[in-house]
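Student: Residues per chain are reported as follows:
Protein chains: 2
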Amino acid sequence: MAYDRQLAKKSENVSDWYNKVIMEAELADYGPVKGTMIFRPYGYRIWELVQEAMDAKIKARGVDNAYFPLFIPESFLKKEAKHVEGFAPELAVVTIGGGEELEEKLVVRPTSETIMYDAYARWVQSWRDLPVMINQWNNVVRWEKRTYLFMRTTEFLWQEGHTAHATHDEAQDLQRWAIEMYAKIYRDLFALPGFLGHKSDSERFAGADDSLTYELLMPGGKALQGCTSHDLGQNFSKAFGINFQSKEGTEEKVWQTSWGFTTRSIGGLIMAHGDDKGLVLPPKLAPVQVVVVPVRMEEGVMKFADEVAAELKSAGLRVKVDDRDGESFGFKANKWELRGVPVRLEIGPREADAQQVTVARRTGGEKVTVPAEGLAKHLAAVLDEVQSGLLEAAEKQLRENTRHAKTWEEFKQIMAEHKGFIRAPWCERPECEAAIKEETTATTRCLELDAKPATGKCVHCDHNAKYEWLFAQSY
Amino acid sequence: MAYDRQLAKKSENVSDWYNKVIMEAELADYGPVKGTMIFRPYGYRIWELVQEAMDAKIKARGVDNAYFPLFIPESFLKKEAKHVEGFAPELAVVTIGGGEELEEKLVVRPTSETIMYDAYARWVQSWRDLPVMINQWNNVVRWEKRTYLFMRTTEFLWQEGHTAHATHDEAQDLQRWAIEMYAKIYRDLFALPGFLGHKSDSERFAGADDSLTYELLMPGGKALQGCTSHDLGQNFSKAFGINFQSKEGTEEKVWQTSWGFTTRSIGGLIMAHGDDKGLVLPPKLAPVQVVVVPVRMEEGVMKFADEVAAELKSAGLRVKVDDRDGESFGFKANKWELRGVPVRLEIGPREADAQQVTVARRTGGEKVTVPAEGLAKHLAAVLDEVQSGLLEAAEKQLRENTRHAKTWEEFKQIMAEHKGFIRAPWCERPECEAAIKEETTATTRCLELDAKPATGKCVHCDHNAKYEWLFAQSY
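Here the protein sequences line up with chains D and U, keeping their order.
So in my numbering, the last one in the first sequence is 475, and the numbering has no gaps at all.
So in my numbering, the last one in the second sequence is 1475, and the numbering has no gaps at all.
Quick caveat, the hints were computed from the structure, so don't treat them as lab data.
Don't take every hint at face value.
What the hints assert, rightly or not - Ranges between beta-carbon positions, derived for each pair: (1) U:N1243 <-> D:N13: 47 to 57 Å; (2) D:F329 <-> U:A1393: 57 to 67 Å; (3) U:D1275 <-> D:E103: 32 to 42 Å; (4) D:G389 <-> U:K1145: 32 to 42 Å; (5) U:K1466 <-> D:S75: 39 to 49 Å; (6) U:A1315 <-> D:D16: 38 to 48 Å; (7) D:G389 <-> U:S1388: 30 to 40 Å; (8) U:G1099 <-> D:A56: 38 to 48 Å.
As the list claims (entries may be wrong) - If the Cβ cut is set under 7 Å, some of the chain U residues that face chain D in the computed set are: (9) Y1030; (10) P1032; (11) G1456.
All of these numbers come straight from a predicted model, not from anything done at the bench.
Here a beta-carbon is modelled for each residue, glycine too, at the ideal position from N, C-alpha and C.
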């Protein structure tokens, strides 16, 4: 029984804690092939809750779901020069099918631009066929040397949205919509605030003209790229020949976007909110929002526990009664703490007699005993409080770990003492970016949408800076 | 504009009609790799509607969703002898990862028994850990020589349920629950009746002790295996060492089931219900249940059309207004007929003035003009009628194409004149089964759950027959 083992302390060794809490909370397990992972039911359910919420938003924007093949002919990848350059080192390749050597090698999709846009070129003829707005929920494979559960795995799950438009403006609106939709999901469901902005030239998606990102703060002051949304310009429509006849009768190329949100987000969630006792799950993404733990497994108690749970379930809460045999009350209480369940209800003979329950919150509140009557309403309010409490705490963390550097000395000092995000004027030259990383481990995270114009020199070199950029050491 | 082309007639050439209707209704398209297909939004939405309904049933049974890796070490497949024998000829194999030749080849999952049960062996220790009941919605790859859109493709989508139990009885209950759940989905959503029964020894899943199947009738009297549910006995728990300590303290092996339902079902749907005009979709699986087609694209008409659509949407119907430019009313009416939309609403200036709509059903009813007031309720009833009308028609087809053969002469005559399902006493010997197939193309489809005991000889040979089996030529 995993949760009985010595859990590493997050406050002492984040990385060790992270791996252990994932295994012991049964969120995931290692797959047999290096770098792969199994999403166990408790971890997969978090992804389902993300999918439910996001899928509704995607559909409401008029984007349709579809499914394209897993296998991409190797030649497709090569059609967009920067794209293949970015992905070539990470590919898994099928060379045998049905017992025979294949004539053309097949790439297991690392992302679906090429196979989708080959079809878009067939489907789009006229301005009347536009926009094409398609999303996929699927699995992708990128061969990674250093892997980390949820954060970086050889195979991961995601959604990838791919749109084609008649005008650049319309494409840019969609690109912006996607990243703002992601940001809302991160804030409202994950309780994770972040910074929204443009990637630098060197950090941009392979094949994009512009990448928007949402950057999160992790423990130890590192940054995590939460998700991205790309303006692909006409790079792929040129490579794949996605042409259309405009209203005016001219032959044009479409403008495109792609945008993705992956199971890495769950890694960010675990990392950001957890504590020494284990996971802390925000109620909106908790597979179990309320766990009922009987103090003793006797008939009257269990009957009352089941009644309470049934009532809460019918009110729409995600509830579980822990009726497992052979574990003590204390053992169970610890287990559900480790699993990050927001609210634990303790029910013993006294509670059953008095038709009361004792409510223990995972975060932010003392134990209280309340009547079973009206419990669903009470707990819905508690869960809302817990959800907003987590967001507030994360916002405070983000504020306190975002600093301003006017000079290179200040920049280096912040990185040495605190890490976190640094706002600083920067010249936007890749050589300068590389030198900053070399000296401090910090990389550019983004140019915020509402970035302050800078008037003087770059924080690191003698060139002029147009804007203040955000820097941090990244995961 | 595809629907403008000459659609093959189903009544003249089913197979040609099938491919064309799929392409022209934009259900699917061919992928660039032989045998692969693209599920276009209109086709994928059908799968989503199946998933929604089935996922709720699966969860209600206490089965949790999870996700296991796509890549399986080649050595895993070899652990269960019959399993590898069944799947070896159909495998796609990854030999290169991250630019390097892999030490162990990786199989792209054709099904997930082996990779899942390797994990089950780690997770299960005690009777308290049982049952393990996990489902996955994912993609699988089986290299097929002869492919057919939806019906048989190199990559397909499905759900695969995998359970482990302490007793054989409990496993068999679950195996039976799964096939009955599938049968209900087929009847209630697909409007497809069928026969439920056991597979013969030679038709059984590779590694199972018993396979239950649901067999559907297709045009031309062929049978389609709709889905299967397997009793795996202890075959895999022996191969993978899934042991547990029983309540009594003894060491035991688990009893297992697996069961799958694939996108092939959509092929069956298209094939069974369509007609010379194109697709016919049962309302419960129609991505668009009601299409509003304006007779003329003028302001007053479009305004009324949008109002009507908004009202129907808020009542929970799936509605689309066809406001596409540059297509005539007649063209649009044909297009939505080809796409199988159950109800078309025609709205012109007269209807807008009178606040009425003309309701045209795709199947089973004349055009009628009804007031816009109360329309949602009226259409909900129409859709129910259409749904049950399709099921009744399919039941009649099934009844009329299921015959009884007492002698080998009768059997051969039925196959020569009608095909369809044949009930006949059979000896259950594989040699006899092979001979029947050789002479008539008919194979055993199943031994129905309530099969009639037979008293005399096998329909084909001199051996005794215990039961009457169902035969048909299969897809």
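Student: Hints numbered earlier in the text: which of these fail when held up against the supplied structure?
Tutor: Hints 1, 4, 5, 6, 7, 9, 11 contradicted; others consistent.
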